[in-house]
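Q: So the chains spell out like this:
There are 4 protein chains.
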Amino acid sequence: QGSKGILERLDAGEVVVGDGGYVMQLERRGYVKAGHWTPESAVEHPEAVRQLHREFLRAGADVMQTFTFYCSEDKLELSGNVKTISGAQINDAACNLAREVADEGGALVAGGVSQTPCYVLSHNETEVKAIFKKQMDDFLKKDIDFLVVEYFEHVEEAVWAVEVLKTSGKTVAATLCIAPQGDMHGVPPGECAVRLVRAGADIVGINCHLDPLTCVQTVKLMKEGLEKAGLKAHLMIQPLGFHTPECNLGGYVSLPEFPFALETRAMTRWDIHKYAREAYNAGIRYIGGCCGFEPYHIRAIAEELAAERGFLPPASEKHGLWGAALEMHTKPWVRARARREYWENLLPASGRPKCPSMATPANDGLTEK
Amino acid sequence: QGSKGILERLDAGEVVVGDGGYVMQLERRGYVKAGHWTPESAVEHPEAVRQLHREFLRAGADVMQTFTFYCSEDKLELSGNVKTISGAQINDAACNLAREVADEGGALVAGGVSQTPCYVLSHNETEVKAIFKKQMDDFLKKDIDFLVVEYFEHVEEAVWAVEVLKTSGKTVAATLCIAPQGDMHGVPPGECAVRLVRAGADIVGINCHLDPLTCVQTVKLMKEGLEKAGLKAHLMIQPLGFHTPECNLGGYVSLPEFPFALETRAMTRWDIHKYAREAYNAGIRYIGGCCGFEPYHIRAIAEELAAERGFLPPASEKHGLWGAALEMHTKPWVRARARREYWENLLPASGRPKCPSMATPANDGLTEK
Amino acid sequence: QGSKGILERLDAGEVVVGDGGYVMQLERRGYVKAGHWTPESAVEHPEAVRQLHREFLRAGADVMQTFTFYCSEDKLELSGNVKTISGAQINDAACNLAREVADEGGALVAGGVSQTPCYVLSHNETEVKAIFKKQMDDFLKKDIDFLVVEYFEHVEEAVWAVEVLKTSGKTVAATLCIAPQGDMHGVPPGECAVRLVRAGADIVGINCHLDPLTCVQTVKLMKEGLEKAGLKAHLMIQPLGFHTPECNLGGYVSLPEFPFALETRAMTRWDIHKYAREAYNAGIRYIGGCCGFEPYHIRAIAEELAAERGFLPPASEKHGLWGAALEMHTKPWVRARARREYWENLLPASGRPKCPSMATPANDGLTEK
Amino acid sequence: QGSKGILERLDAGEVVVGDGGYVMQLERRGYVKAGHWTPESAVEHPEAVRQLHREFLRAGADVMQTFTFYCSEDKLELSGNVKTISGAQINDAACNLAREVADEGGALVAGGVSQTPCYVLSHNETEVKAIFKKQMDDFLKKDIDFLVVEYFEHVEEAVWAVEVLKTSGKTVAATLCIAPQGDMHGVPPGECAVRLVRAGADIVGINCHLDPLTCVQTVKLMKEGLEKAGLKAHLMIQPLGFHTPECNLGGYVSLPEFPFALETRAMTRWDIHKYAREAYNAGIRYIGGCCGFEPYHIRAIAEELAAERGFLPPASEKHGLWGAALEMHTKPWVRARARREYWENLLPASGRPKCPSMATPANDGLTEK
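Protein chains in written order, with UniProt numbering: chain A, 1 to 369; chain B, 1 to 369; chain C, 1 to 369; chain D, 1 to 369.
Calculated directly from the structure, the hints in this document are not laboratory data.
Take the hints with a grain of salt, since some may be wrong.
Which copy? The list can't say, so a pair holds if one copy fits it or any two copies do.
Claimed, not checked - Subject to a maximum C-alpha distance of 30 Å in a straight line, what follows is the list of computed DSBU-like cross-link-like pairs (lysine-lysine):
(1) LYS331 x LYS4
(2) LYS331 x LYS83
(3) LYS129 x LYS331
(4) LYS331 x LYS133
Keep in mind it's a predicted model, so treat the numbers as computed, not measured.
Build out the structure end to end from the sequences listed, making use of the hints.
A: Quick look at the structure:
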């Protein structure tokens, strides 16, 4: 399994399970600063990053994404919370960590680039492309399997990133963090997908910003766009692990709870089962998560699709399917929960009767169009 | 700081920050099986346990509790999911891990024992005490600083445990997982505290089963009981990190969401600030958490009480107090959240409009009285 | 049936169905001014008051209370919205209307007095009693069957009212609008009941301010108090038709929704079935409603207790029991609702996802103690 | 004012306030049987119907609709709950009542016809038209001002009704109970409006089935359709007085709460203020309500648009604008509510923490397309 490339796997019809979100989970573990969201802990605290990689691997992830989010030189400089460590050092350390853990389980390593402040500030194609080129060069010094362009709100910038990264000769996956209504300039998902594939992306899809079922819907729109254009590409999805029914263009960043009170919106593992099935049914074969996805959420993807994949992930040794291990609980009413129907139909209470169930998102960039 | 014992610290009026919950967090990371809740991963996957210890230490914890929950021989045998590893092996490994990490930051190591199936099944004092003795002997072979008797629903069994553990000559802390109404036999908290102190406990309090503010209320009742009896003891609290307004005697085990859909009940870091202040104001000085407490919740205790303690924890290097680091966010409406009033007054939405805000607990053992 | 007095009926073990709330319902119909809550429309718009009486009668009410709430001279003067009509005129008109409708269906007429501003302002027994005497004299000029002392927050004032009204020789019922914690001076319900009965009340209980199940609980406490004191009296209840789980001493007046946004708290007819059964099981035999009780809520009492009473009310000709008449609906999913289990188990949605399910009551007079 | 016809008023740019819902309000008052929803009480209990007319008039309604809902011969026969009263008798009595009350306040009388079971069962234009003709002939024997075609789920049937009613020479208004998605055959609102106007309707719009803001949206789509077709007509709206955010084609009939647990969805008067303003801003000038609209909701329309109309309705003598009359309340926290901002911003709690905020509608006829 370990020796096959990402396209080989997808071409063969395999389900590829992605990993979960690093920045938000490492923020909760004490290694990432919210607001900055930069990955300097790959250098400062490699054991913490390594452990999270390992948990995702153990949960069933087939890909280790390098912990290099927002690791472009312009972003690091603007952010200002990393003074003595260079982007190149972080990229180097992050590649090492991803490789080390990937090799423990036959997983692939994907080097990731994300949107740059430079795009919004300068809108200068040459400058923006130079930033992507620099980070790509860092990756190409290391042993990585493919590249991921992710977390782009404007398809134009993502296209520029794909154009740069394709010069590496590596497979390129590209995911936007956009809503079904389209990107921040109003380009609809179908057209976004077409532009990305025409720029050279082998795999396209959606990540972050919105909840799983909304993201599945957006990927479906991308698929339709590709079909209409007579194009082919593999589909990928790595959504939020939060319920965001109110969100629109701006995504969860517009929610009043972002980023320090999102707890009550968190997905249960059973929500993830539904998501994994929906994504699979929509024809998506690269299925992972982003912010809010903890290791047990990734395991839920792997467990839902165990029949399709032919095996359970290592971490399932510590998990009874659909709550089966509750059968040995001492309380009879807990034992009664050791079955799929119970968890599939449960409507969990928040324990917060003074809180509403839906919020009003902030101004969300609709006027940017 | 590292060389002072737990009583020395408490006698000096210091705030001692406890660590958070291991079993539930390690379940989500893929190393504990829900239903069994046994700590065999101390042997199987020491790196995962070590990392969680480190995160709690980094978040400000002054005590590393050994990961030995439910690690009595009778429980391990009943549970049946650990065939080739003995309880003694787990206790040994867990002590090593706690010690190793504690030494990285001047923390103390506490060996923990919890309630036994034997008590409910046999109600035989000799048999139950023999089980505690065996686990204590495991601890005494290692370098531990004090002992914790925790997660007891019946004060009688906790008293037996204290009586055994006091023979070690070590300081003993004892926390019950009971409601303000009393233990499962109806013994009220004040009387429970008296019995525990008379049995030799140096520190008494509450852990698990109910939410922070409810647990503070129960500890207050314990304090009143001690004062009426003319007894003195230090007070300790390690509550759930979940909102459980509906709970009664049975605690969160009776909630329909236990254990796989508790996400929406999770505390935010701001809820923890309130809790830490309430606990401090109630005169409690050993303040930690149990199930649901992740590293960032422990950090919130340490940040709320930073003035009283005189320092911030290491993990605060990655956290702006009260959201201060959001000031550099690109979206103006997120920057507007970089202030205490915003987070203190936020009523977070669940994003789940088809779910209720309160549940009906299952039969909760009231009839056991 | 019509010729039997209230005590005759209650002594015989009959269930007496009370009427519902006039002021709040007539406010919605356009005849009462919220804030003032005075009953001048008995003179200004008798047809509206007559019609509401008739609807309660038709719904099964055995008693027509005169529409004389807050109709003491001091209250009318303070209120200031009635310039050209005297309290005596209103009392006269209200008695006529109640009598006219009561005679259409064998019901009894009860003349009602309620708490006075004078009590709080002067706390002068002579003055307060003079006010009750004046209103009583108005009633005694008319053909009324018994007297009701209702909506008193302080038992002391209610006792004064009972003492005055007993001089009439009529049967006197007395209901307080207090919580299980006691009246506004902290007198517990049991003691309140004892004082009222010792003052001469033949029937005691609770009305308004809190939801049905809370009021049932308070009446139970009154009953216990009477039993302990070796006293006997009939029990009466006329609670709010709103859900008020957050309320304490101050009752629904303290809720942020009072008085113009209480809609979402309204009881369904099925909630009333539960209430009527609970009240009956608690030994209460005079069962009606107050603010929020519309005619169909009174019908629900009469339908729940139809077997005990031996007959259905006239308005049941327009109501299939437990939704039976839905059987002829054109939509199959509506037909499926023509059964008791459906309505008993329904948890109705608010359709308001941005609203909480519980509010924070305002300062509620706890400090008045 | 009383002598001007409906078109004269609308042509002059006046705001015409409609009345509220009769069947659901009279069900609660004990005079209509849910499931059947037929108007026989116009004959059986004229005083109850007269009183409700009067309350709407007093609240500001400029039109009294005859209480003749579902009063076609085929519907009455199918319904089966009216054995001894003919449809002609009901129509006659209902016209008398509407006329009598309208004359008390210069209002107009509108004779209303609604959808027939015959349409769905036979789909025979001749038969269906004969039914409308019969009811129209009943109306033409009486003194009515104009005709209303309302509560039609299929525009085709509504067109047939308009075609029949236009033969009377009277002004005809036509409102469908459809969603923004279109009628039950999938005809979009814009096209529905065009067909109705081409059939002869002078006024078109929406009534019932969905909440006010959704209905405003649907009327806007009708307006756009008319503009595109170069047609002109006055716009009318009489929506539900309930929050129905989940509804789709089937409307509130599909909600689990229909028809006996809709209380928690009820609009406050402040919700109605918003609705009236939105409707006015959308260019709608005939603004009323349907099921769930009680007299105080109609008053809220008249109060919101008092400046535009130049006067307040009679019932405003018993209402302080925006809660102004609370200024004289005895509790200071209630006095603090005597202002517009308080009520406009209040998010009312349901008091029902075990209930969700949104429901799942039943199969709603989408497959009928």
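Q: Going through the earlier hints one by one, which of them does the structure break, listed in rising order?
A: Hint 1 contradicted; others consistent.
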